[in-house]
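**Q** Sequence:
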Amino acid sequence: CCVRRRRDDPARMQGAPMGSLRGFGFGQMNPVGADARGEVGVIGDQKFAVRRAGDAAQFRGKLRAMRFLARAQDHYRDADNLTDRLAALQAIARCDASALQQALEHFHAQWRHEPLAIDKWFAIQARTASPGDPDRMAALGRHRDFDRRNPDRLRALVETFALENPAGFHAPDGHGYRFVAEQILAVDEFNPITAARLMDCFADWRRYVRPLAERMHGELRRIAATHGISANLAERASAAAASGPSGAPGL
Numbered sequence: 003c004c005v006r007r008r009r010d011d012p013a014r015m016q017g018a019p020m021g022s023l024r025g026f027g028f029g030q031m032n033p034v035g036a037d038a039r040g041e042v043g044v045i046g047d048q049k050f051a052v053r054r055a056g057d058a059a060q061f062r063g064k065l066r067a068m069r070f071l072a073r074a075q076d077h078y079r080d081a082d083n084l085t086d087r088l089a090a091l092q093a094i095a096r097c098d099a100s101a102l103q104q105a106l107e108h109f110h111a112q113w114r115h116e117p118l119a120i121d122k123w124f125a126i127q128a129r130t131a132s133p134g135d136p137d138r139m140a141a142l143g144r145h146r147d148f149d150r151r152n153p154d155r156l157r158a159l160v161e162t163f164a165l166e167n168p169a170g171f172h173a174p175d176g177h178g179y180r181f182v183a184e185q186i187l188a189v190d191e192f193n194p195i196t197a198a199r200l201m202d203c204f205a206d207w208r209r210y211v212r213p214l215a216e217r218m219h220g221e222l223r224r225i226a227a228t229h230g231i232s233a234n235l236a237e238r239a240s241a242a243a244a245s246g247p248s249g250a251p252g253l
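Numbering-wise (the numbering used here), the sequence shown opens with residue 3 and increments by one.
Calculated directly from the structure, the hints in this document are not laboratory data. All values derive from a computational prediction rather than experimental measurement. Treat the hints with care, since some could be wrong.
Unchecked claim - Quick list of the computed label-pair ranges, beta carbon to beta carbon:
#: 1; residue 1: Ser232; residue 2: Asp80; range: 46 to 56 Å
#: 2; residue 1: His115; residue 2: Asp175; range: 33 to 43 Å
#: 3; residue 1: Pro117; residue 2: Ser232; range: 24 to 34 Å
#: 4; residue 1: Ala141; residue 2: Leu165; range: 14 to 24 Å
#: 5; residue 1: Gln112; residue 2: Ala241; range: 15 to 25 Å
#: 6; residue 1: Arg79; residue 2: His115; range: 13 to 23 Å
#: 7; residue 1: Gln112; residue 2: Asp206; range: 31 to 41 Å
#: 8; residue 1: His145; residue 2: Asp76; range: 26 to 36 Å
#: 9; residue 1: Ala244; residue 2: Arg96; range: 32 to 42 Å
Even for Gly, the Cβ is constructed at its ideal location relative to N, Cα and C.
Work the whole structure out from these sequences, hints included.
**A** Here's what the structure looks like:
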């Protein structure tokens with residue numbers, strides 16, 4: 003008997019991001035004074051009552067996360083070169099959204115005249131964009147420093163997002179697919195070869211679980227049906243969309 007091939011599910015491929023302290027259950031800790039039993043933990047100037055052994059482990063996890071964030075922020079502040087500052091910025095990106103935003107603003111103000119540094123700035127945000135924030139990538143696509151005519155800047159934002167952020171690109175509502183499809187159509191107006199190459203982001207759409215495969219297939223059909231696209235892009239999109247989800251193996 004044949005063996006059914008397992009479909010790829012990016013939600014399982016990529017674990018829950020560290021994101022923020024709330025992602026570590028921060029909001030589940032009870033302030034001292036509430037009706038809670040167990041040991042008392044302290045984070046900064048706040049005390050929390052820990053009710054169960056599981057809560058104690060959760061508290062220790064939050065404490066480690068806060069220490070990691072503090073070390074990353076210290077490393078960012080003390081860095082005296084671009085390489086170290088980028089490494090610290092990437093570490094902060096895995097810890098806390100508000101801290102990341104402050105660091106990103108500082109980094110951009112300091113390095114905005116260095117093209118390579120700003121490429122990295124876009125790439126870090128593309129790599130860490132949350133699937134729960136559908137406007138984030140769209141806003142970066144409209145940023146004054148994003149120039150899709152610049153191949154390095156295009157790769158930093160669009161390819162990094164599609165290839166290195168599976169949770170964001172494969173967001174259940176499909177906004178990641180729409181963002182990349184819109185960039186492909188925009189690039190096709192002046193660089194059909196690059197636009198066709200970006201279609202590789204959708205090349206393996208049949209491998210994914212049905213809801214995602216259907217959304218990816220829908221974007222392929224939308225691109226193929228767009229009036230005035232280049233012959234190169236039309237051929238790639240039509241070929242990729244030729245077999246609908248119902249015809250894909252395992253769907």
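**Q** Now tell me if each hint is right for this structure.
**A** Do the hints match the structure? See the list:
no., hint, verdict
1, Ser232 - Asp80: 46 to 56 Å, "holds (49 Å)"
2, His115 - Asp175: 33 to 43 Å, "holds (37 Å)"
3, Pro117 - Ser232: 24 to 34 Å, "holds (27 Å)"
4, Ala141 - Leu165: 14 to 24 Å, "holds (20 Å)"
5, Gln112 - Ala241: 15 to 25 Å, "violated (46 Å)"
6, Arg79 - His115: 13 to 23 Å, "holds (21 Å)"
7, Gln112 - Asp206: 31 to 41 Å, "holds (39 Å)"
8, His145 - Asp76: 26 to 36 Å, "holds (28 Å)"
9, Ala244 - Arg96: 32 to 42 Å, "holds (40 Å)"
Comparing the model with each numbered hint stated earlier shows that hint 5 is the single one that does not hold.
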